[in-house]
Amino acid sequence: MSLRDLLLLYAVVGLACAVAVLRRTPAMGVRAVGSAIATMVVWPLWAPFALGAAPPSHAASGSKTGVGARIDRALAEAVAAVAGTPMSDVFSPRVAARIGEQVSRVAAHMEELEALVARSGFDPQQSAERLRVLETAGAPERSVATARLQHDSLLRLQQLRAADAQALDELAGLLEALRAQLLLARYSGSSAEGAGAIVSEVWARLEGLGIAFGDGTGANVGGPRTGS
Amino acid sequence: MNVSTVNRLLRSPAEVARDCKEDRDVVPLVVTALVVLAVSALLFGAAVGSWRGGAQIAWAALKLPIVTLGTLVVCVPAFHAIAAVFGRPWSLRSAVAIMLAGGARFSLVLLAATPVVWLAINLGAPYDAVKLLAALAYALGGLASLALIVRGLGPGRGRVATVLTFVGVFLLVGGQTAWILRPYIGTPGDDTVTLFTRKREGGVAYQLWLSAERVLQGRPHPATPKETAP
Numbered sequence: 210m211s212l213r214d215l216l217l218l219y220a221v222v223g224l225a226c227a228v229a230v231l232r233r234t235p236a237m238g239v240r241a242v243g244s245a246i247a248t249m250v251v252w253p254l255w256a257p258f259a260l261g262a263a264p265p266s267h268a269a270s271g272s273k274t275g276v277g278a279r280i281d282r283a284l285a286e287a288v289a290a291v292a293g294t295p296m297s298d299v300f301s302p303r304v305a306a307r308i309g310e311q312v313s314r315v316a317a318h319m320e321e322l323e324a325l326v327a328r329s330g331f332d333p334q335q336s337a338e339r340l341r342v343l344e345t346a347g348a349p350e351r352s353v354a355t356a357r358l359q360h361d362s363l364l365r366l367q368q369l370r371a372a373d374a375q376a377l378d379e380l381a382g383l384l385e386a387l388r389a390q391l392l393l394a395r396y397s398g399s400s401a402e403g404a405g406a407i408v409s410e411v412w413a414r415l416e417g418l419g420i421a422f423g424d425g426t427g428a429n430v431g432g433p434r435t436g437s
Numbered sequence: 060m061n062v063s064t065v066n067r068l069l070r071s072p073a074e075v076a077r078d079c080k081e082d083r084d085v086v087p088l089v090v091t092a093l094v095v096l097a098v099s100a101l102l103f104g105a106a107v108g109s110w111r112g113g114a115q116i117a118w119a120a121l122k123l124p125i126v127t128l129g130t131l132v133v134c135v136p137a138f139h140a141i142a143a144v145f146g147r148p149w150s151l152r153s154a155v156a157i158m159l160a161g162g163a164r165f166s167l168v169l170l171a172a173t174p175v176v177w178l179a180i181n182l183g184a185p186y187d188a189v190k191l192l193a194a195l196a197y198a199l200g201g202l203a204s205l206a207l208i209v210r211g212l213g214p215g216r217g218r219v220a221t222v223l224t225f226v227g228v229f230l231l232v233g234g235q236t237a238w239i240l241r242p243y244i245g246t247p248g249d250d251t252v253t254l255f256t257r258k259r260e261g262g263v264a265y266q267l268w269l270s271a272e273r274v275l276q277g278r279p280h281p282a283t284p285k286e287t288a289p
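Chains A and B are the protein sequences, given in the same order.
By the numbering used here, the letter at position 20 of the first sequence is numbered 229, and the numbering carries on one by one without gaps.
By the numbering used here, the letter at position 64 of the second sequence is numbered 123, and the numbering carries on one by one without gaps.
Treat the hints with caution; some may be incorrect.
[As the list claims (entries may be wrong)] A few chain A residues that face chain B, going by a derived Cβ cut-off under 10 Å, partial list only:
{"no.": "1", "residue": "L212"}
{"no.": "2", "residue": "C226"}
{"no.": "3", "residue": "A247"}
{"no.": "4", "residue": "V250"}
{"no.": "5", "residue": "W252"}
{"no.": "6", "residue": "P253"}
{"no.": "7", "residue": "W255"}
{"no.": "8", "residue": "P257"}
{"no.": "9", "residue": "G261"}
Worth flagging that the hints you see were computed from the coordinates, not collected in a lab.
No experiment lies behind these values; they were computed from the predicted model shown.
Note that CB positions come from ideal geometry on N, CA and C, so glycine has one too.
Construct the complete structure from the given sequences, taking the supplied hints into account.
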């Protein structure tokens with residue numbers, strides 16, 4: 210095989226990869242064309258990124274399993290339910306994307322909290338045991354007070370995590386109800402009044418979650434309020 | 060292209076290597092690396108080609124990105140395989156990301172050396188000195204790149220073997236690719252500008268050796284016309 214044959218083969222593979230990149234792109238744009246051109250020229254370097262799927266990141270993994278997966282599925286199905294109907298004003302893909310974005314942020318925060326709690330020294334059982342030992346041994350009041358403070362803080366962290374997990378679970382339920390409402394409205398021809406109320410409730414819940422985390426998420430979720 | 064990514068490549072190679080290995084948000088890094096590789100090689104090529112001037116600037120600017128990216132295209136699968144053989148079975152994405160990050164660091168050193176090369180040429184540096192200066196820039200770039208790749212390989216058995224095997228492959232492929240697409244600086248005593256030369260000149264290492272010998276002995280290139288000799 211000569212150098213020319215090798216270059217020809219390289220160009221053919223590059224062209225095939227570029228076509229695959231374009232076919233996989235949901236919306237044709239400058240980025241998609243740029244990616245296709247880069248794939249054609251340096252496919253061994255760019256194709257793994259243009260065509261391969263990124264592994265789920267640590268922060269996002271929580272949002273893509275369990276409750277996160279339920280929320281993603283409910284959002285996608287709700288958007289599909291109203292697509293091409295007048296109800297798409299009630300629940301547009303943009304609204305769904307913003308809700309998904311906020312949910313991912315909340316899920317990432319929860320994951321951080323879980324990782325923190327999972328570390329050694331953050332176990333409320335251990336801190337309770339330490340407190341009991343100090344009290345039994347008649348340790349100085351200052352040491353007991355410090356141990357009690359530590360134990361109380363860990364208990365609060367645990368409660369906070371449980372409350373947020375429950376709130377996210379309820380949010381998933383709400384979105385599933387929204388999806389059902391939109392599907393019902395679509396197939397029965399009824400109005401989407403109920404769905405609008407649910408969308409407002411979803412935003413309110415997200416706001417509540419954002420405030421609970423105290424990261425300004427709440428300030429960002431004051432997004433489109435529809436239907437109410 | 061992202062300036063903060065360039066900054067990270069220069070200042071935090073260990074962090075970049077870790078992100079590449081874990082395949083964490085590597086797409087912006089890879090895009091930046093590809094742009095840096097192409098642009099830096101283009102500018103360095105133009106500076107090197109300015110020794111001859113005229114069309115040689117454009118040819119060298121065009122050929123050096125091809126050499127750099129072409130070398131990576133050939134070497135990346137080899138790196139993936141070598142790392143796997145020596146106990147680091149990474150994903151292809153991770154291997155490509157580490158190589159591109161290393162390549163970008165290499166290119167940034169070339170970019171930093173570009174004004175030096177251009178200044179040397181502007182001050183009338185002879186052919187052999189320019190050739191050695193370019194080789195020195197490549198060597199420094201290679202070291203900067205290697206620092207990132209070694210961090211990416213991490214501790215453990217097989218690290219030295221991986222590095223040595225890979226450096227061998229990279230030098231062979233890079234040297235041969237560069238040799239095929241020569242000339243970049245031009246040929247002393249020959250005013251014609253050619254895209255490629257097919258003269259028998261003995262190989263990269265041999266030519267660098269001859270240049271070093273002439274620079275150390277203060278002799279001009281034998282083909283240099285007397286009036287232009289230093």
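Run through the hints listed earlier and report the numbers of any the structure violates, in increasing order.
2
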